[in-house]
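From first to last, the protein sequence lines stand for chains H and R.
Under the numbering used here, the residues of the first sequence are numbered 99 to 431, in order.
Under the numbering used here, the residues of the second sequence are numbered 99 to 431, in order.
Just so you know, not all the hints are guaranteed correct.
Identical chains blur together in the list; that is why a pair holds if it fits in one copy or across any two.
With a straight-line Cα cutoff of 30 angstroms, these simulated DSS-like cross-link-like pairs (lysine-lysine) come out [what the hints assert, rightly or not]:
#1 174 x 151
#2 296 x 151
#3 174 x 144
#4 187 x 296
#5 391 x 174
#6 117 x 289
#7 283 x 296
#8 391 x 283
#9 117 x 145
#10 283 x 144
#11 289 x 144
#12 144 x 117
#13 391 x 296
#14 283 x 145
#15 151 x 117
#16 187 x 117
#17 296 x 144
#18 283 x 187
#19 187 x 391
Hints in this document: simulated from the structure, not taken from any laboratory.
2 protein chains.
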Amino acid sequence: MIIAVDASGGDYAPQEIVKGALEASSEYGLEVALLGNQQVLDELLKKEENTDKVLVVHAEQAITCNENPVQAVRSKPDSSIVKGVRLVKEGGAAAFVSAGNTGAMLASSFLMLDRLPGIERPAICVVVPVSTAGPFLLLDAGANADCQPRFLAQFALLGSAFARLYLGIESPRIGLLNNGEEEAKGSILTKEAYQLLKNTGMNFIGNIEGQDILRNRADVLVTDGFTGNVVLKTLEGFGDLLQDMLALKQETTQPEGSGNFSKLVKNMDFSESGGSCLLGLNGNIIICHGRSKARAIKNAVRFAARAAAANVAGAIMNELKPVTANTVKEHLL
Amino acid sequence: MIIAVDASGGDYAPQEIVKGALEASSEYGLEVALLGNQQVLDELLKKEENTDKVLVVHAEQAITCNENPVQAVRSKPDSSIVKGVRLVKEGGAAAFVSAGNTGAMLASSFLMLDRLPGIERPAICVVVPVSTAGPFLLLDAGANADCQPRFLAQFALLGSAFARLYLGIESPRIGLLNNGEEEAKGSILTKEAYQLLKNTGMNFIGNIEGQDILRNRADVLVTDGFTGNVVLKTLEGFGDLLQDMLALKQETTQPEGSGNFSKLVKNMDFSESGGSCLLGLNGNIIICHGRSKARAIKNAVRFAARAAAANVAGAIMNELKPVTANTVKEHLL
Numbered sequence: 099m100i101i102a103v104d105a106s107g108g109d110y111a112p113q114e115i116v117k118g119a120l121e122a123s124s125e126y127g128l129e130v131a132l133l134g135n136q137q138v139l140d141e142l143l144k145k146e147e148n149t150d151k152v153l154v155v156h157a158e159q160a161i162t163c164n165e166n167p168v169q170a171v172r173s174k175p176d177s178s179i180v181k182g183v184r185l186v187k188e189g190g191a192a193a194f195v196s197a198g199n200t201g202a203m204l205a206s207s208f209l210m211l212d213r214l215p216g217i218e219r220p221a222i223c224v225v226v227p228v229s230t231a232g233p234f235l236l237l238d239a240g241a242n243a244d245c246q247p248r249f250l251a252q253f254a255l256l257g258s259a260f261a262r263l264y265l266g267i268e269s270p271r272i273g274l275l276n277n278g279e280e281e282a283k284g285s286i287l288t289k290e291a292y293q294l295l296k297n298t299g300m301n302f303i304g305n306i307e308g309q310d311i312l313r314n315r316a317d318v319l320v321t322d323g324f325t326g327n328v329v330l331k332t333l334e335g336f337g338d339l340l341q342d343m344l345a346l347k348q349e350t351t352q353p354e355g356s357g358n359f360s361k362l363v364k365n366m367d368f369s370e371s372g373g374s375c376l377l378g379l380n381g382n383i384i385i386c387h388g389r390s391k392a393r394a395i396k397n398a399v400r401f402a403a404r405a406a407a408a409n410v411a412g413a414i415m416n417e418l419k420p421v422t423a424n425t426v427k428e429h430l431l
Numbered sequence: 099m100i101i102a103v104d105a106s107g108g109d110y111a112p113q114e115i116v117k118g119a120l121e122a123s124s125e126y127g128l129e130v131a132l133l134g135n136q137q138v139l140d141e142l143l144k145k146e147e148n149t150d151k152v153l154v155v156h157a158e159q160a161i162t163c164n165e166n167p168v169q170a171v172r173s174k175p176d177s178s179i180v181k182g183v184r185l186v187k188e189g190g191a192a193a194f195v196s197a198g199n200t201g202a203m204l205a206s207s208f209l210m211l212d213r214l215p216g217i218e219r220p221a222i223c224v225v226v227p228v229s230t231a232g233p234f235l236l237l238d239a240g241a242n243a244d245c246q247p248r249f250l251a252q253f254a255l256l257g258s259a260f261a262r263l264y265l266g267i268e269s270p271r272i273g274l275l276n277n278g279e280e281e282a283k284g285s286i287l288t289k290e291a292y293q294l295l296k297n298t299g300m301n302f303i304g305n306i307e308g309q310d311i312l313r314n315r316a317d318v319l320v321t322d323g324f325t326g327n328v329v330l331k332t333l334e335g336f337g338d339l340l341q342d343m344l345a346l347k348q349e350t351t352q353p354e355g356s357g358n359f360s361k362l363v364k365n366m367d368f369s370e371s372g373g374s375c376l377l378g379l380n381g382n383i384i385i386c387h388g389r390s391k392a393r394a395i396k397n398a399v400r401f402a403a404r405a406a407a408a409n410v411a412g413a414i415m416n417e418l419k420p421v422t423a424n425t426v427k428e429h430l431l
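Let the sequences and hints guide you as you build the complete structure.
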């Protein structure tokens, strides 16, 4: 199984990306294809050991973080992002990991990969490590700022399948992020989504409010891409602040794992999780933070390998066959 | 100046409410009117000292936390909530503080108080104490789950005036909570709101992402009531979790103020702030958490007194006169 890694994308490319990919390769025994400038990458790899499972795929172009995503994807067919997604589509790689322009990753995936049946909009799904009782999934974390209620129900289907396959939870608890606990609470969007979720046959446990996000009430937390993005970044920002504070207090010298508090702080370091994946398309696409360093990339490559091993996209497709009929029923009734 | 306090609303009413109101009265020399059952309150007050600045206003009815707000307000004219808002409207009290049914507080205020010119929707404004560099305002924190872009611009006007009057910031920095930093990022709502905010003549500094909420980049953070509510509760939930963890680690025995970290943790206790206020109506209405105990109520009463002393509603009205013309201009151009 080959994991493709975008060596040209991210704030610390290519050095930290290459470093992280090499670490993942040697630590987990994975084959890694680095996409980027051949000459630059060869030069970097010369200095490294454990490169026998690493190959370089030359990408003549690179998409920068400020480019218009759709224009960039269309005008740069030889960019590392477009080539990486193409590798996944054509079966040359089991997954593609990039810390580059997120919009370009989305656009490239939308344009090239097949959509799963019954899913109108792919969503970014993040494994949030924060809860001390184990991780949960948050989606959509930013692919769709404006959503229809049925998109949220579709995200729930995707998240439920992913939680079962990736986290091994047999009947994942689906929660709807909302501004109140009662069924009647919410915006127009969430009130309608609640009714759809109630009738999908999933394990829908109702509304989850902000204060319960970290309380392990739901395995899959469904929301629109605007709210999901803001909430995720709020948690990240809090984690950063906490770590700054602890560094000031010189608590970082404490041994790891010295209790729930240390576990929480460690979990708030989002590089532990290392990536989010795009669900709803037939391909494993892993999107990393632009600020990812070697450790985050290493974890993202491991995440990609696990997602690919679980054949998530394929399994979700099977999972969705009966559901598609359900969704249609929803709209007809 | 009399501050009216709802002694019948909240999870710990009436005991904790009375206790907090008395503490505020004696500590800050404030006159307090307790609204609730006369007999019950007289009985409670008998056991207390420092009651000379406290009076009881009998309220025959009480609105519970699960009642439909509008129905409850209409059918219970003698409830503590309706009577409290009426006291403010008629000038009998300078402000009204309640930890009761938030929806009923909103409905009662909407129905009875005059709207400020140019403001179509009142908003809940919260003084968020979290940042170590001083508090900031978040609005709307829950009054309007579904917003039009111009409502967000109106919230910015309200927040800007309040920040100037209450926090003493001469030219408050207005930020728009968004899912990206660039002008072109966002939902349909935030993209349109951005354009309106750019042209209001306020000190608009652009988009603020989740990770920067606590970084003191804006003095006023504007958002729709759905996102605002979710984000605020997320922060609160994080604060709770942090305090649980610290309690487990028995760090709470540390002396207060032993550095930035302790300051952060203390600030994450939202009872320090004690209340949020409804802006956009001609009256000082302070909404507390249902779970408020004496300390939160005491702080909310102080907050109410400060807001009333600054004559916020009146001053905002003056502030808004030129702005109303501006808003009209926006819509005509």
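Hints, verified against the model:
With identical chains, the CA atoms of residue 174 and residue 151 are at most 30 angstroms apart within one copy only, with a shortest distance of 28 angstroms there and 75 angstroms across copies. For a Cα distance limit of 30 angstroms, the shortest separation of residue 296 from residue 151 qualifies neither inside one copy, at 48 angstroms, nor across copies, at 53 angstroms. Taking identical chains as interchangeable, the C-alpha atoms of residue 174 and residue 144 lie at most 30 angstroms apart only when both belong to the same chain, with a minimum of 28 angstroms there against 80 angstroms between chains. Taking the shortest Cα distances, residue 187 and residue 296 never come within 30 angstroms of each other, neither inside one copy (35 angstroms) nor across copies (43 angstroms).
For the identical chains of this complex, residue 391 and residue 174 are intra-copy neighbours only, at 25 angstroms inside a copy versus 60 angstroms across copies, given an alpha-carbon limit of 30 angstroms. Proximity of residue 117 and residue 289 under a CA criterion of 30 angstroms is satisfied in neither setting, with 47 angstroms inside one chain copy and 38 angstroms between copies. Proximity of residue 283 to residue 296 under the C-alpha cut-off of 30 angstroms is restricted to the intra-copy arrangement: shortest distance 15 angstroms within a copy versus 32 angstroms between copies. In this assembly of identical chains, the alpha carbons of residue 391 and residue 283 lie at most 30 angstroms apart only when taken from different copies (25 angstroms versus 41 angstroms within one copy).
In the homo-oligomer, the alpha carbons of residue 117 and residue 145 lie at most 30 angstroms apart inside one protomer (11 angstroms), although the nearest pairing across protomers, at 70 angstroms, exceeds that limit. In this assembly of identical chains, residue 283 and residue 144 lie within 30 angstroms of each other by CA distance neither inside one copy nor across copies; the values are 60 angstroms within and 41 angstroms between. For the identical chains of this complex, residue 289 and residue 144 are neighbours neither inside a copy (57 angstroms) nor across copies (47 angstroms), given an alpha-carbon limit of 30 angstroms. For the identical chains of this complex, residue 144 and residue 117 are intra-copy neighbours only, at 12 angstroms inside a copy versus 72 angstroms across copies, given an alpha-carbon limit of 30 angstroms.
Taking CA atoms no more than 30 angstroms apart as the test, residue 391 paired with residue 296 passes in neither setting, with 41 angstroms inside one copy and 36 angstroms between copies. Taking the shortest Cα distances, residue 283 and residue 145 never come within 30 angstroms of each other, neither inside one copy (59 angstroms) nor across copies (41 angstroms). Proximity of residue 151 and residue 117 under a CA criterion of 30 angstroms is satisfied intra-copy only: 14 angstroms inside one chain copy versus 69 angstroms between copies. Within a single copy, residue 187 and residue 117 get their C-alpha atoms as close as 26 angstroms, which meets the 30 angstroms cut-off; across copies the closest is 66 angstroms, which misses it.
Proximity of residue 296 and residue 144 under a CA criterion of 30 angstroms is satisfied in neither setting, with 57 angstroms inside one chain copy and 52 angstroms between copies. Taking the shortest alpha-carbon separations for residue 283 and residue 187, only the inter-copy value of 29 angstroms comes in at or below 30 angstroms, while the best intra-copy value is 42 angstroms. In this assembly of identical chains, residue 187 and residue 391 lie within 30 angstroms of each other by CA distance solely inside one copy; the values are 27 angstroms within and 58 angstroms between copies.
In summary, the structure is inconsistent with hints 2, 4, 6, 10, 11, 13, 14, 17 from the numbered list given earlier, while agreeing with the others.
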